[in-house]
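Q: Each chain, written out:
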Amino acid sequence: MFLIFQRLWQVNWAEQWQYRANLIMYLLYWLVSPIIYLAVWTSIASSKGDVNGFTVNDFVTYYMVLLIADQITSNIVIFTMGYKIQDGTLSGELIRPIHPMLTNALVNNIAFKALTITGLIPVWIVLFFLFKPDFSTVTLTGILLSIPVMICAFFINYLISASITSIAFWTTRVYSINEFYWALILLFSGQFVPLSLMPKVIQEIAQYLPFQLLMYFPIQVILGNLSRPQIIQGYVMAGIWLLLALALFNWVWRNGVRRFSAVGA
Amino acid sequence: MSPITIHAENLSKTYQVPEREGGFGAAVQSFFKRKYNDVKAVQQVNFEIEQGEVVGFLGPNGAGKTTTLKMLSGLLHPTEGTANVLGFTPWELKPEYLRSMTLVMGQRNRLSWDIPAADSFLLNQAIYRLPDDEYKETYKELDELLELEPLMKKPVRNLSLGERMKCEIAAGLLHRPKVLFLDEPTIGLDITGQARIREFLREYNKRTGATILLTSHYMADVTALCERIIIIHHGQLKYDGGIADLSRKIAPFKLIGVRLAEVDSHDLTKYGTPVQNEEDWEKQYIQVKAEDVTRVTSGLLADLPIHDITITDPPIEDVIERAFNE
Chain Y
170 MFLIFQRLWQ
180 VNWAEQWQYR
190 ANLIMYLLYW
200 LVSPIIYLAV
210 WTSIASSKGD
220 VNGFTVNDFV
230 TYYMVLLIAD
240 QITSNIVIFT
250 MGYKIQDGTL
260 SGELIRPIHP
270 MLTNALVNNI
280 AFKALTITGL
290 IPVWIVLFFL
300 FKPDFSTVTL
310 TGILLSIPVM
320 ICAFFINYLI
330 SASITSIAFW
340 TTRVYSINEF
350 YWALILLFSG
360 QFVPLSLMPK
370 VIQEIAQYLP
380 FQLLMYFPIQ
390 VILGNLSRPQ
400 IIQGYVMAGI
410 WLLLALALFN
420 WVWRNGVRRF
430 SAVGA
Chain F
504 MSPITIHAEN
514 LSKTYQVPER
524 EGGFGAAVQS
534 FFKRKYNDVK
544 AVQQVNFEIE
554 QGEVVGFLGP
564 NGAGKTTTLK
574 MLSGLLHPTE
584 GTANVLGFTP
594 WELKPEYLRS
604 MTLVMGQRNR
614 LSWDIPAADS
624 FLLNQAIYRL
634 PDDEYKETYK
644 ELDELLELEP
654 LMKKPVRNLS
664 LGERMKCEIA
674 AGLLHRPKVL
684 FLDEPTIGLD
694 ITGQARIREF
704 LREYNKRTGA
714 TILLTSHYMA
724 DVTALCERII
734 IIHHGQLKYD
744 GGIADLSRKI
754 APFKLIGVRL
764 AEVDSHDLTK
774 YGTPVQNEED
784 WEKQYIQVKA
794 EDVTRVTSGL
804 LADLPIHDIT
814 ITDPPIEDVI
824 ERAFNE
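First to last, the sequence lines map onto chains Y and F.
The opening residue of the first sequence carries number 170 in the working numbering; numbering runs sequentially from there.
The opening residue of the second sequence carries number 504 in the working numbering; numbering runs sequentially from there.
These are computed hints drawn from the structure, not numbers from a lab.
Predicted model only: the values in this text are computed from it and were never measured.
One or more hints might be untrue.
[Said to hold, decoys possible] In the DMTMM-like style, the derived pairs of lysine to aspartate or glutamate whose C-alpha atoms are separated by at most 20 Å in a straight line are:
id: 1; chain 1: F; residue 1: Lys741; chain 2: F; residue 2: Glu512
id: 2; chain 1: F; residue 1: Lys656; chain 2: F; residue 2: Asp646
id: 3; chain 1: Y; residue 1: Lys282; chain 2: F; residue 2: Asp617
id: 4; chain 1: F; residue 1: Lys681; chain 2: F; residue 2: Glu595
id: 5; chain 1: F; residue 1: Lys597; chain 2: Y; residue 2: Glu262
id: 6; chain 1: F; residue 1: Lys656; chain 2: Y; residue 2: Glu184
id: 7; chain 1: F; residue 1: Lys757; chain 2: F; residue 2: Glu785
id: 8; chain 1: F; residue 1: Lys681; chain 2: F; residue 2: Glu553
id: 9; chain 1: F; residue 1: Lys657; chain 2: Y; residue 2: Glu184
id: 10; chain 1: Y; residue 1: Lys253; chain 2: F; residue 2: Asp617
id: 11; chain 1: F; residue 1: Lys773; chain 2: F; residue 2: Asp795
id: 12; chain 1: F; residue 1: Lys656; chain 2: F; residue 2: Asp617
id: 13; chain 1: F; residue 1: Lys656; chain 2: F; residue 2: Glu644
id: 14; chain 1: F; residue 1: Lys709; chain 2: F; residue 2: Glu637
id: 15; chain 1: F; residue 1: Lys543; chain 2: F; residue 2: Glu583
[Stated by the list, open to error] Take a look, some chain F residues computed to stay more than 10 Å from chain Y by CB distance:
id: 16; residue: Glu637
id: 17; residue: Lys681
id: 18; residue: Gly745
id: 19; residue: Pro777
id: 20; residue: Asp806
id: 21; residue: Thr813
[What the hints assert, rightly or not] In silico negatives: residues of chain Y with every beta carbon more than 12 Å from chain F:
id: 22; residue: Tyr198
id: 23; residue: Leu207
id: 24; residue: Thr224
id: 25; residue: Leu236
id: 26; residue: Pro291
id: 27; residue: Leu296
id: 28; residue: Thr310
id: 29; residue: Pro317
id: 30; residue: Phe349
id: 31; residue: Val370
Cβ coordinates follow ideal geometry from the N, Cα and C atoms, glycine included.
Could you put together the complete structure from these sequences and hints?
A: Next up, the structure:
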């Protein structure tokens, strides 16, 4: 099994390098909106002194960590697999004795991330010298505690995205459904605005949703803004959502493949 | 008698195809209520194939060949009926089943477009859990027969059609499958390429005792490889038996193609039945009985200003179409 992943990695890594220009476009697309939010919120904060207690430095540190969390937890499975289901090229992968979504597509996404994270490094350094953030609240414990959560969040997001992609077995409208999912992420992950600045009701709802695990929760863990019970609650939510996402994906995939084979590719 | 490898019983597949007229009104209407048409792609097909047999699967476009291959390889659930291949029900897609068969269909199946075939081969080695020595031995054999080595290091997208097909077939055989489903394995290849693939398949069958079911447009593929053929037409099994018996049935016809010195077409109906040949617009074709070929040819040469004349066997599709529509 290890060899399979190793070879999948070699293939997908080589493939990603074939699309360097494409990769840079993706990265820019992915970085533009957080950086805009960063710029907007810091200028609001600096004109008013603070926004509900959030200072300029709070916004800068929040969004600079968000850039990293976003790169780690996001995926592009809808773009790499959606069309294969629609045009039937999935056939070739279905008759291989490995799971298309949980092996090849997964490794493909991870190879993609490895490259975009590398691309993020210089951008991040430039931002660092531009905004000179004060990261004094960050501790090593905070960073170490955030890593399992982000990995878990990556898989939750990946499984939900793979489930949405699998809706392509039934309809060609998967991309609009995915847009809706991304809108939910934008709103409830703390990307658009840090969740603690949202109305109380939304904060209440958001803490039980998986989206905050992608960005808001790990950011706050890293920045050392959470109490021990809050961290434990986040971990529990991550565990529960991982199981739910796994169950959801399994169900959608199984029925999808059955439908694929019923209607023909 | 060898054990039965492939068994199909009442195998049937009906597709539901959405149907609508062109135009805006119809588009709106179909948004609310879709009309479906039942298309019976395969109907009640029965056959058994023994281990080590090479069977040609023939029929015109849309006859149901590919649908049947897809059901046997596990990509499609049948609407009715059952199939058993190597003791497995194909559409359960059990990994043990997938490891013991191969489906070669089209050119973009097992090879990743952007990287050299060598990398895809190594990936397949891992996926099918092939020990190094076994993999190397199989690769060496495949290389001997197909001359793969010069193709291995180029990105697949830069290979020619024929080169890609060779690599695709080799990739599908690295795990030494016991059953091979080949959908048009020689399509797009030149004569040498076709012959080489044929030679290779014959050799592979001999060496490994694998069972092969292949579809082809080229009669030569079938006559060279298969002792037995199965003909399917409009989804129904029309013929299952030796190739010699069938050729007696189809032998009576030959195609005569003529290119005339003058551009305007002459009426050839008095020499034989005119037929369309979409691949060759320059010539006019007529179909005649085999025993009349000499007489008709000399007649044509005497009567008309002929630039070029060819006498060929009719394409397999026409033969089958004709054999079963009459």
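Q: Please go over all the hints and tell whether each is borne out by the structure.
A: Here is what the structure says about each hint:
1. F:Lys741 - F:Glu512: holds (15 Å)
2. F:Lys656 - F:Asp646: holds (14 Å)
3. Y:Lys282 - F:Asp617: holds (19 Å)
4. F:Lys681 - F:Glu595: Within the cut-off at roughly 18 Å; holds.
5. F:Lys597 - Y:Glu262: Holds: Lys597 of chain F and Glu262 of chain Y sit about 14 Å apart, inside 20 Å.
6. F:Lys656 - Y:Glu184: Answer holds: Lys656 of chain F to Glu184 of chain Y is near 14 Å, not above 20 Å.
7. F:Lys757 - F:Glu785: holds (19 Å)
8. F:Lys681 - F:Glu553: Status holds; Cα separation ~12 Å.
9. F:Lys657 - Y:Glu184: Answer holds: Lys657 of chain F to Glu184 of chain Y is near 13 Å, not above 20 Å.
10. Y:Lys253 - F:Asp617: Holds, at roughly 16 Å.
11. F:Lys773 - F:Asp795: Holds - the C-alpha atoms of Asp795 of chain F and Lys773 of chain F are around 13 Å apart, at most 20 Å.
12. F:Lys656 - F:Asp617: holds (11 Å)
13. F:Lys656 - F:Glu644: Holds, because 18 Å separates the two Cα atoms, which is no more than 20 Å.
14. F:Lys709 - F:Glu637: holds (19 Å)
15. F:Lys543 - F:Glu583: holds (11 Å)
16. Glu637: holds (14 Å)
17. Lys681: Nearest chain Y Cβ is 14 Å from Lys681 of chain F, so the label holds.
18. Gly745: The assertion about Gly745 of chain F holds, with a minimum of 31 Å to chain Y.
19. Pro777: holds (37 Å)
20. Asp806: holds (51 Å)
21. Thr813: holds (38 Å)
22. Tyr198: holds (21 Å)
23. Leu207: Correct as stated: the minimum Cβ-Cβ distance to chain F is 35 Å, above 12 Å.
24. Thr224: It holds; Thr224 of chain Y is separated from chain F by about 48 Å at its closest Cβ, greater than 12 Å.
25. Leu236: holds (29 Å)
26. Pro291: holds (26 Å)
27. Leu296: holds (33 Å)
28. Thr310: The assertion about Thr310 of chain Y holds, with a minimum of 39 Å to chain F.
29. Pro317: holds (28 Å)
30. Phe349: Per Cβ check, Phe349 of chain Y is outside 12 Å of chain F; nearest 20 Å; holds.
31. Val370: holds (37 Å)
Hint check: no violations occur; every hint is consistent with the structure.
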